[in-house]
Amino acid sequence: MEQGYREIPHTADVELEVWGKDLPELFTHAAQGLFSLAVRFDPEPRISAHRVINLSAPDWETLLVDWLNELILLSDENEEAYVAFEVELPGVGQLSARACATTDFTRTKVVKAATFHNLTIKEGPEGVRATIVFDV
Amino acid sequence: MVKPTDFRRLSPFLWELPKGARADMRVPARIYADEEFFEAAFEDRSAEQLVNTTTLPGLVAYALAMPDIHQGYGFPIGGVAATRLPSGVISPGGVGYDINCGVRVLTTHIAEEEVRPYLDPLMTALFQHVPCGVGRGHAGALGAKQLDQVLERGASWAVAMGFGTKEDLAHTEEQGTMEGANAGAVSERAKSRAKDQLGSLGSGNHFLEVDVIEQIYDPQVAARFGLVEGNIVVWIHSGSRALGHQVCTDAVRDLQSAMRNYGIQLPDRELACAPFDSPDGQRYFQAMVCAANFAWANRQMMTHLARQAFEQVLAGKVKDRQLTLLYDVAHNIAKVETYTINGERIKLCVHRKGATRAFGPGHPAVPEAYRDLGQPVLIPGSMGSASYILVGTAGAMEQSFGSTCHGAGRVLSRHAAKRAVTGQALRQELGQEGIVIKAESMSGLAEEAPEAYKDIDRVVEIVHQAGLARRVARTRPIGVMKG
Chain A
1 MEQGYREIPH TADVELEVWG KDLPELFTHA AQGLFSLAVR FDPEPRISAH
51 RVINLSAPDW ETLLVDWLNE LILLSDENEE AYVAFEVELP GVGQLSARAC
101 ATTDFTRTKV VKAATFHNLT IKEGPEGVRA TIVFDV
Chain B
1 MVKPTDFRRL SPFLWELPKG ARADMRVPAR IYADEEFFEA AFEDRSAEQL
51 VNTTTLPGLV AYALAMPDIH QGYGFPIGGV AATRLPSGVI SPGGVGYDIN
101 CGVRVLTTHI AEEEVRPYLD PLMTALFQHV PCGVGRGHAG ALGAKQLDQV
151 LERGASWAVA MGFGTKEDLA HTEEQGTMEG ANAGAVSERA KSRAKDQLGS
201 LGSGNHFLEV DVIEQIYDPQ VAARFGLVEG NIVVWIHSGS RALGHQVCTD
251 AVRDLQSAMR NYGIQLPDRE LACAPFDSPD GQRYFQAMVC AANFAWANRQ
301 MMTHLARQAF EQVLAGKVKD RQLTLLYDVA HNIAKVETYT INGERIKLCV
351 HRKGATRAFG PGHPAVPEAY RDLGQPVLIP GSMGSASYIL VGTAGAMEQS
401 FGSTCHGAGR VLSRHAAKRA VTGQALRQEL GQEGIVIKAE SMSGLAEEAP
451 EAYKDIDRVV EIVHQAGLAR RVARTRPIGV MKG
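Just so you know, the sequences run in chain order A and B. First residue of the first sequence? That's 1 in this note's numbering, and the numbers climb one at a time after it. First residue of the second sequence? That's 1 in this note's numbering, and the numbers climb one at a time after it.
Mixed in with the good hints there might be a few duds.
Selected chain B positions facing chain A (in silico; Cβ < 10 Å) [said to hold, decoys possible]:
no. : residue
1   : S257
2   : N261
3   : G263
4   : I264
5   : Q265
6   : D268
7   : A272
8   : R371
9   : E447
I should point out that these hints are in silico values taken from the structure, not numbers from a laboratory. Values in this document were obtained by computation on a predicted structure and should not be read as measured data. Heads up, the beta-carbon is just placed ideally off N, CA and C, and yes, glycines get one too.
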């Protein structure tokens, strides 16, 4: 599967450019990008739990930041990382998702938070794209 | 987009962008830098971020950047901005996610040659005693009541629990307990993330170092600070761990909608803010103070653990093993402070994001032992270079809301640093220079390579020449512990 994110140079923190054919895919790729920064998964990680996440926000950008910060919090609290995501966006600013958790990983970096800095979700002919700055 | 030519040079180390240069500026923007550092602020978004901060409602005088300025999000790192109280704003972006990230220095009477034969076991013992990396802290899991006590009492709680002395508190900014804490303002999510992290270093740029004092610039002040050339000192750099991160996350999110109620519009959502005296502003301030107190308790506990490690390794080998706290400073914080502006005494909310308080002689907030001199100002460099101990000045009170730089400031991204050197190679290279390295993560070590930072000597030279703090001593690392 093609990777849906790439790291952009940032002096102090980490900036990810993320893309997808639609918003659910963008949200999925953003979550995958987050855990690519924060952990190294074992070769064949076993699923240990499923987390159900429901969020609402006034706009898509806020929802994207909320989604990533929710995953950071859950990962921290439960000492797990997420290898797969099912994301549904039933209405503007509404998210209903399931994240597959594993404990088969090594944490490589503390990601403190996803930020709103310069965050816009842009639509184009190939889908949607966003850049997200993470405080690390 | 602002350009270097939009600025005017006010003095050899000070540049100013006038208020009208961008329509939304409320005050001028000032950068303390030499020519090279000034030009570098335009190579990424640092200068633009500084100009964005000038749009905050209630700002007084100017928004400032120190010579260690580098790109952050919202505010640049190395930024200082002060708003007039009661209605000027408080912005969590002006403090950052690691609330009360700060540094302390412990002095000793131990000469380098006394500790050299035991340096490796000493660094191993420090690594074993002081939890680091992404894991749990020394205190284990705290109960809800205990955690609330930590949030409201800070380092005083740690000392009451046996992790230090009253003298330690006297030599800590705010005596380690900042007024205004309300544990009820901290979300349950933030508390949940904090409960097992107290007494831990964390990762990233946090460190514990054993350094040697290699140069004294001001013998009189150095003597009063207990700094003797050739003796070792211990530096501890850490913050409020995940608790601070979550307090900031909660506040930035909540203030997005609150700003609409106050009619505030800003060029960057990460600058989210609220009037200081509003319920939203007060909720953030009270929670921020709790996180700041947590960080002071955290550094106090690590001080205790470092003392245990010194005792374990050096007992029977070194006569005087005492570690005395010189001072502890916060460099990510918002404080209520009073200044004279145009002849008028006014209360301000001073945001320091990657900037250190540098109060000069006579200020009542400076510990009694140093009050006639000014406060100790602690500026850590990178692990292969040097760090500095300075003293606060009257110049800082007049020019920079009693503030100065906080470190070297990054020039390379973490990615670029890892491309330049591997952790293993760096450890070997520094080992050849006599520096013992203990690190939880080789990748994390590479990200913090000396090449990733500005030249600390030049950063400190600029603040010294500009009168924002005065050099007292330079230290160089001989043992480094990284998370």
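- Against the structure, test the hints numbered earlier, and report the numbers of the ones violated in rising order. Hint check: 2, 3, 4, 5 and 8 fail, others pass.
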